[in-house]
Amino acid sequence: METIKRGVRKFGMPRIIIIAFIIVILIGALLEGQDMAALISDSLVRVGQNMLLAVAMLPCILVGAGLNMGLAIGIVCGLLAGLLSVQFELVSWAGFLAACAMALLFGSIAGVLYGRLMNMVKGSEMLIGNYLGSAVVYLMCMFWFAAPFTNSTIIWPMGGTGVRTTVPVSDYYEKILNNFLAFQIGKVTVPTGLFLFVGAVCAVVYLFTRSRTGTVLRVAGNNQAFAGMIGVNVNRARIIGIALSTMLAAMGIVVYAQSYGFYQTYEGPLTMAFTPMAAILLGGATMRSVKIRHAVIGSFLIQILLTTALPVCNQLFPESNLSEVFRIIISNGIILYALSQAGGEGR
Amino acid sequence: MKKAKQLLLSNMVPVLFGIICIIGIILSGTPISTILSDLVNRFDRNILLVLSLIIPVTCGMGMNFGIVLGAMCGQMGLIAVTIMGIDGIGGILAAALMAFFAAIICGFLAGKILNRTKGQEMITSMIVGYFSNGIYQFIFLFVVGGIIKVESDIILSGGVGIKNTVALDNMQYALDNLSIFGISTRVDLFSGILFFSIFFAVLFLMQAALRHQFGKKQIIQLAACACCAAASQIMTRMPAFTVAKMLIRIPIPTFLLTIGVCLLIQQFMKTKLGQDMRAIGHDREVAGASGIKVDQIRIISVIISTVLAAWGQIIFYQNLGTMDAYYGHEKVGTFCVAAILIGGASVKKATIGQAVLGTILFHLLFNVSPLASQQLFNNSMVGGYFRMTLCYAVIAVALMLHVFETRAKDKEQRA
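If you're matching them up, the sequences are chains A and B in order.
The numbers in this note's numbering rise by one with no breaks, and the one at position 183 of the first sequence is 183.
The numbers in this note's numbering rise by one with no breaks, and the one at position 256 of the second sequence is 256.
Be a bit skeptical, because a hint or two may be false.
Stated by the list, open to error - No more than 27 angstroms apart at the CA atoms, straight line, and that leaves these computed lysine-lysine pairs for BS3-like: (1) A:K5 x B:K348; (2) A:K122 x B:K411; (3) B:K5 x A:K122; (4) B:K409 x A:K122; (5) B:K5 x B:K217; (6) B:K411 x A:K10.
As the list claims (entries may be wrong) - If you want the footprint, here are the derived chain B segments under chain A, 3+ residues with CB under 8 angstroms: (7) 114–123; (8) 223–234.
What the hints assert, rightly or not - Rough simulated footprint, nothing fancy, chain A against chain B, three-plus residues with beta-carbon under 8 angstroms: (9) 128–134; (10) 182–189; (11) 378–387.
It should be emphasised that the hints constitute simulated quantities derived from the structure, not laboratory data.
Where a beta carbon is used, it is the ideal one built from N, C-alpha and C, also for glycine.
Only chain A is shown next, with the shape it has when bound in the complex (with noise of 0.2 angstroms):
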């Protein structure tokens, strides 16, 4: 009993009732006679689509700044950066490096202004982080509604300016990682390149957070006052850390892009942080501890659920969104849940 009861504690509740949910639904999915070949495959793609998202998180709970829920800002760099790569109509390989390219080139930008924000305002970056996230993507609404763009895929067929709420990249880039090496294992679809891509970005991260740099940002995430006494530059860690985190969800939204066939503008990105959030928590990750793993079985389990919940739900109730439902409450259950675990000040 003692044993279980601490093997329960080691794997986690949440990952426990998530994977039951999983079998549960599973279960339901072949009872209603599901395409359960096309079901994992829809997963496999949306658990890489939505991976690099995830993996945002990691630095920037490393360096202490907690979720970064002003996720919205590096996505907007990456719509900037996606927009103007199908703008110079850049087709195919070109397309795709260069919107990563300049992706990461405005989410550092981006991201390095961000985490000086961040310092000054340290212990309260969730809060503000969201609200400014917001502010930043309805900013980029008016940018959108303005900007001087003339490739036909972007602008309004009728109107002649302004961005579309979404850009398709079909004659762009569409799948292209998802097509790369991708083979089939009886009917399941592998999305080979989309795996060795976000397996890639993964492992530079991973490596990173190993070495100097990465452990520096690690003991300035630790114990900011005992990193500053051994001479530890809190305040730049801290920076790097969050225009990392900023540069990987500029990239991620364009492999995410690549591999949904649109890029959503407007409002789009308001909403897109939490279930990247649920996904790194899920995984294991607190606000105090953070690996690479965390995010990317987080990844696995809540894409998974939320991948397959969707045609069991429409099954169950018709051109309803119990999905949508679904993932609101668990995505926000599984952050609510982890906030009330790193506990407050006490008394």
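Chain A is already provided as a structure; the job is to place chain B on it using the hints.
Just chain B now, kept in the frame of chain A:
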């Protein structure tokens, strides 16, 4: 002169927004009476929701973004009375009663969670709002009709879930225009001013009588009331103001209720419980050491806030007449917090005056910015985005200022 400068500096935020509003009004090119009539409606809808933020701030818990929870309770009450088919003021009262109990339960649970995350109350209350939004949607999309069988017009044609918009036609203006012996109480602007001038005059006289003091202050108060009353009577007879007289409607019962709530909050702060709340807000540890039950009182403050927000949401929808069942509550927390911050409140201190001023300025801005952008860019969307940018930026900047202030204070204490 120096005093005036200081007054201006310490009220930078409201002054700045006042200026933006004036620019907006000029750019929009809309007649003042149209703007004013909309403003009165918006003020009427939102003031109670904004007032509900004050008590948790006093208690040192910052802005309670969790009033979303209260708003949901209010909507639950309204949906319940619509299903039961109760009309008019009876429906409003029944909804308020149901929302009251629901809000007590929700407020209690939210308070419990907030007690576990001291120092992070604002972010937690925000996530509590998002989370309970999911639960709320689940209940009204699937449980109602799916598990609990209900028969009503507002159920979707499939028999499961509530429609997106719930018409409250037979409840619209039930409180705003409460007819007493057949007399309408949603009156024109000048009658409204007359009524409230007399009302305040009586109120001031009663206060003076209770405190046994009658000095310069009382004379000024009474004189101001008399001037307003006289001005309203002169203006109502002038042809220049006929448009304003026709357009603007003052809902006397709702305003009376709002004044009542303000007075209650004021009196509440003078009771033992209110004083304890202030002590906790000032220094939680000292308050705890001196025998105040900190956790319990914090929960009470959240419950009060949630109940007020629930009633606020009911008033909101009885004025609007149609309820957005799934998204109506989502932005309540953000908008109300932005409003009270624009009024000059901070995370540490919020007064009734700031709530009132903030509601007026925020909703003026909300109203004129699409109109102004329609004039400027021939498109109202830009103004919509502009006001949302401002709304979020105000909250972010106010929270940042709060951090700077606390840090400066810490430094002072250490030095």
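Count the residues of the segment 223–234 of chain B whose CB lies closer than 8 angstroms to any CB of chain A, then report whether that count reaches three. Answer violated; 0 residues pass the 8 angstroms Cβ test.
Given as covered by chain A, does the segment 378–387 of chain B meet the bar of three residues or more with CB within less than 8 angstroms? holds (count 5)
Distance restraint between K5 (chain A) and K348 (chain B), which requires alpha-carbon spacing of 27 angstroms or less: Roughly 43 angstroms separates the two Cα atoms, so the pair is violated.
27 angstroms limit on alpha-carbon distance, applied to hinted pair K5 (chain B) and K217 (chain B): Holds. K5 (chain B) to K217 (chain B) sits at ~24 angstroms (cutoff 27 angstroms).
Go check the segment 128–134 of chain B versus chain A for me, would you? Three or more residues, Cβ under 8 angstroms, otherwise it fails. holds (count 5)
Coverage of the segment 114–123 of chain B by chain A (three or more Cβ within 8 angstroms): holds (count 8)
If you draw a straight line from the CA of K409 (chain B) to the CA of K122 (chain A), is it 27 angstroms or shorter? holds, 15 angstroms
Verify the proposed pairing of K122 (chain A) with K411 (chain B), using a straight-line Cα cut of 27 angstroms. holds, 15 angstroms
Are there three or more residues in the segment 182–189 of chain B whose C-beta lies within less than 8 angstroms of some C-beta in chain A? violated (count 0)
Keeping to a limit of 27 angstroms between CA atoms, is the pair of K5 (chain B) and K122 (chain A) held or broken? violated, 32 angstroms
Take the C-alpha atoms of K411 (chain B) and K10 (chain A), compute the straight-line distance between them, and say whether it is at most 27 angstroms. violated, 41 angstroms
In this structure, the hints that do not hold are numbers 1, 3, 6, 8, 10, in rising order.
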